[in-house]
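Protein chains: 4
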Amino acid sequence: MIDEQELQRILRDFANNRDWEQFHSPRNLVSALNVEAGELLELFQWESANHVVDVNDLETRHKIEDEIADVFIYLLRIADKLDVSLEGVAIAKMKKNADKYPIEKSKGKAVKYTEL
Amino acid sequence: MIDEQELQRILRDFANNRDWEQFHSPRNLVSALNVEAGELLELFQWESANHVVDVNDLETRHKIEDEIADVFIYLLRIADKLDVSLEGVAIAKMKKNADKYPIEKSKGKAVKYTEL
Amino acid sequence: MIDEQELQRILRDFANNRDWEQFHSPRNLVSALNVEAGELLELFQWESANHVVDVNDLETRHKIEDEIADVFIYLLRIADKLDVSLEGVAIAKMKKNADKYPIEKSKGKAVKYTEL
Amino acid sequence: MIDEQELQRILRDFANNRDWEQFHSPRNLVSALNVEAGELLELFQWESANHVVDVNDLETRHKIEDEIADVFIYLLRIADKLDVSLEGVAIAKMKKNADKYPIEKSKGKAVKYTEL
Chain A
1 MIDEQELQRI LRDFANNRDW EQFHSPRNLV SALNVEAGEL LELFQWESAN
51 HVVDVNDLET RHKIEDEIAD VFIYLLRIAD KLDVSLEGVA IAKMKKNADK
101 YPIEKSKGKA VKYTEL
Chain B
117 MIDEQELQRI LRDFANNRDW EQFHSPRNLV SALNVEAGEL LELFQWESAN
167 HVVDVNDLET RHKIEDEIAD VFIYLLRIAD KLDVSLEGVA IAKMKKNADK
217 YPIEKSKGKA VKYTEL
Chain C
233 MIDEQELQRI LRDFANNRDW EQFHSPRNLV SALNVEAGEL LELFQWESAN
283 HVVDVNDLET RHKIEDEIAD VFIYLLRIAD KLDVSLEGVA IAKMKKNADK
333 YPIEKSKGKA VKYTEL
Chain D
349 MIDEQELQRI LRDFANNRDW EQFHSPRNLV SALNVEAGEL LELFQWESAN
399 HVVDVNDLET RHKIEDEIAD VFIYLLRIAD KLDVSLEGVA IAKMKKNADK
449 YPIEKSKGKA VKYTEL
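Heads up: the protein sequence lines correspond to chains A, B, C and D, in order.
Under this note's numbering, the first residue of the first sequence carries the number 1, and numbering increases by one thereafter.
Under this note's numbering, the first residue of the second sequence carries the number 117, and numbering increases by one thereafter.
Under this note's numbering, the first residue of the third sequence carries the number 233, and numbering increases by one thereafter.
Under this note's numbering, the first residue of the fourth sequence carries the number 349, and numbering increases by one thereafter.
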């Protein structure tokens, strides 16, 4: 169980104590989310048939966890700012996806969840 | 409270039922996370002094929630695949940030959480 | 005038001399392009009404130029790998955009070039 | 040869005629660049050992060219706005990279151009 509201309270206080709320518009937080997602992608960018990232290597794992944390932290802040429930919107989207991708028709086809 | 494990179980079943696990390598899920973060950014890309996105407009709000959901869904899948606790890594990172950005020194300065 | 082919020849030799062609699949180069675009975004992520990035500050300018260079370098490599003319596809797209966004209807509206 | 200045003149006129200059701050153009880079990545996101994107398939190729065009168009606009020569910064960066990655030491190692 993730205590979303407690995490958001800590992050809100953290920003408030540093006078950072002025920088935390939804747009800026979304930009930061993209930057951090890019840093996570960087760790995997050169994967090839002969060169697969070893996610169990301790140093690599630590870097991956660090970037996942950054993405999640900004996502929590965005959700807090916009008063969005992460679980709520995820469940709504999963229902939509279940309709959009009927099991039989989608089997083994590389689609994206949001593909039209 | 977010039931991370239950959401991950549903997403895992969703992928399994459609034979999508073959596409859900960590790297591919991280790529998808970036694509979805970009779609969220798209909604805010033309903001200016005279043109601020109205996050309370119902249609806009629906689009934003949809993209937030996609980002969260892929983040949950990545965490599941890599056996990472989202709450755990977020708390570890928040502690690191508290050390890195002492309140007095950081006040009112636009920094990023992960800035060196 | 940009000597696209000469730049691409240098970059190709650079990769060949280091045995990096094995990492430079179209997909990997596109990933790297995204990572570099994210690093460019990072420089602007906290802009606000009261905090605008001074693009004439020498240190900032140097960082911006560095990231623009990275984005362009990967774009040149992608175009080389896929045998795409950057100028050719840009002109084709600009014609499409001229049809899609008639002057009178588009005046002063925040749209994106590729909006449907 | 790419006539950078002529392309930039056309894009500038295009924006001016539609009153879009108000939206084309460096930051907004950089955001748009990220969005388009993400759309290019989307075309490759599900690649796997068994599922490689066929870049010679005509429909796929058309989509790829379209997204490459968007990335290049925004890069040209950014360079125009900031008075940066794309060729100039690319050559400067390539010299830096040649120093940073000596041929013998870099052979066959997956690094990124900008890695420290």
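No lab work stands behind these hints, which were simulated from the structure alone.
There may be inaccurate statements among the hints.
[Unchecked claim] Short, incomplete list of chain A residues facing chain C, as computed with Cβ under 10 Å:
| hint | residue |
| --- | --- |
| 1 | Phe-14 |
| 2 | Gln-22 |
| 3 | Ala-32 |
| 4 | Asn-34 |
| 5 | Phe-44 |
| 6 | Gln-45 |
| 7 | His-51 |
| 8 | Met-94 |
| 9 | Ala-98 |
| 10 | Tyr-101 |
| 11 | Pro-102 |
| 12 | Ser-106 |
No residue lacks a Cβ here, since even glycine has one placed at the ideal position from N, Cα and C.
* Asked: Which hints from the list above does the structure break, by number from lowest to highest?
  -> Hints 1, 8, 9, 10, 11, 12 are the ones this structure does not satisfy, whereas the remaining hints hold.
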